[in-house]
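Asks: If you want the building blocks of each chain, they are given just below.
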Amino acid sequence: MAGSEEARSFVASHSRSFLLTRRDSGAPTGHPMTLRVSSAGDLLFNTYRASAKARNLIRRPQVSCLVTTGTDDPDPRWVLVSGTAEVLDRDEGIRAWSTSTGGPAVAVRSPVVGDTVQARLADGKRIVVRLRPERVIGPIRPARGS
Amino acid sequence: MPRETIGLDPEELSAFLGAARWAVLVTGGGADPHPGGELVELALDGDRLVVWPSAGAQAAIDAEARVCVIVEEQPDYAGIKGALVHGVAVRLDDDRVAVPLDEVVSFDFARLRVNQLPSAPGS
Chain A
1 MAGSEEARSF VASHSRSFLL TRRDSGAPTG HPMTLRVSSA GDLLFNTYRA SAKARNLIRR
61 PQVSCLVTTG TDDPDPRWVL VSGTAEVLDR DEGIRAWSTS TGGPAVAVRS PVVGDTVQAR
121 LADGKRIVVR LRPERVIGPI RPARGS
Chain B
147 MPRETIGLDP EELSAFLGAA RWAVLVTGGG ADPHPGGELV ELALDGDRLV VWPSAGAQAA
207 IDAEARVCVI VEEQPDYAGI KGALVHGVAV RLDDDRVAVP LDEVVSFDFA RLRVNQLPSA
267 PGS
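Which chain is which? The protein sequence lines are A and B, in order.
Residue numbers are given in our numbering: position 39 of the first sequence equals residue 39, and the series is strictly consecutive.
So our numbering is basically just the index in the second sequence, starting at one, shifted up by 146.
No wet-lab data here; the hints were simulated from the structure.
Note that the structure is predicted; figures quoted are calculated from it, not measured.
Ideal Cβ placement from N, Cα and C applies to all residues, glycine included.
Don't take each hint at face value.
The following label-pair restraints were derived from C-beta to C-beta distances [as the list claims (entries may be wrong)]:
1) B:237 <-> A:84: 30 to 36 Å
2) B:191 <-> A:41: 37 to 43 Å
3) A:55 <-> B:238: 31 to 37 Å
4) B:192 <-> A:143: 20 to 26 Å
5) A:75 <-> B:222: 18 to 24 Å
6) B:240 <-> A:24: 17 to 23 Å
7) B:241 <-> A:92: 44 to 50 Å
8) B:246 <-> A:143: 22 to 28 Å
9) A:40 <-> B:239: 44 to 50 Å
10) A:125 <-> B:241: 40 to 46 Å
11) B:239 <-> A:74: 26 to 32 Å
12) A:89 <-> B:193: 44 to 50 Å
Computed footprint of chain B on chain A; a stretch qualifies when at least three of its residues, placed anywhere within it, have a C-beta under 8 Å from a C-beta of chain B [what the hints assert, rightly or not]:
13) 29–41
14) 89–101
15) 119–133
A partial selection of chain B residues facing chain A, derived with a Cβ cut-off under 10 Å [stated by the list, open to error]:
16) 179
17) 206
18) 218
19) 230
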């Protein structure tokens with residue numbers, strides 16, 4: 001993955017992220033996501049095939065991902081990864097997701113959610129999206145304005 | 147099956163945004179086709195959000211004023227709560243930017259049926 005060793009380590013150890021895409025109008029938007037990382041250092045997400053974020057990234061695959069300690073962290077940090085998104089076919093997606101790694105995630109810790117995601121990936125209602133990093137910025141501590 | 151309604155009501159939304167200190171600012175201006183994003187300090191000011199963007203984000207806003215501001219908290223799965231605000235940013239006299247609360251989508255996972263069960267995830 002592009003970026004410094006510190007950035008790679010940050011991305012590998014934090015699962016809270018926001019996938020940044022563009023709406024049909026071209027306006028920017030964001031989607032809270034649970035992030036996983038492939039063995040090759042690509043960023044992986046899963047989402048419903050019919051979701052707005054899936055439509056957005058298929059229409060315009062140039063996306064970014066902001067990986068963060070959280071907007072509810074009193075001393076937050078973040079990394080911005082930009083690249084090209086690709087929807088994996090079902091079998092490749094299941095394989096990539098099952099072998100991926102990542103930081104602690106609230107959603108992934110829930111067995112109910114995990115089982116549902118696996119079932120929806122298997123029936124094709126959910127897809128796995130791979131983001132190949134082309135540019136990485138951070139980690140950064142945001143400036144305090146007030 | 148109809149989709150569940152899990153949004154915050156206006157009072158809850160105001161309390162949630164008013165208590166938040168940090169947000170994700172998403173921008174789309176400039177020659178780079180990739181959306182930009184950064185964490186920014188945030189304040190609720192009546193019917194608008196005020197944020198402190200970096201110089202780079204200010205330049206992106208000058209090129210394309212449409213932005214998205216996201217606030218989210220994740221104490222546990224059932225406690226996931228958030229708001230996405232889409233709007234046209236207005237540069238203020240200083241380095242701050244205001245985004246009106248005209249288009250807001252919010253979510254509160256405590257309202258999900260699965261989280262109202264005795265064995266709810268994260269409970």
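Asks: Run the structure past the numbered hints and jot down the numbers of the failing ones, going up.
Replies: 6, 14, 15
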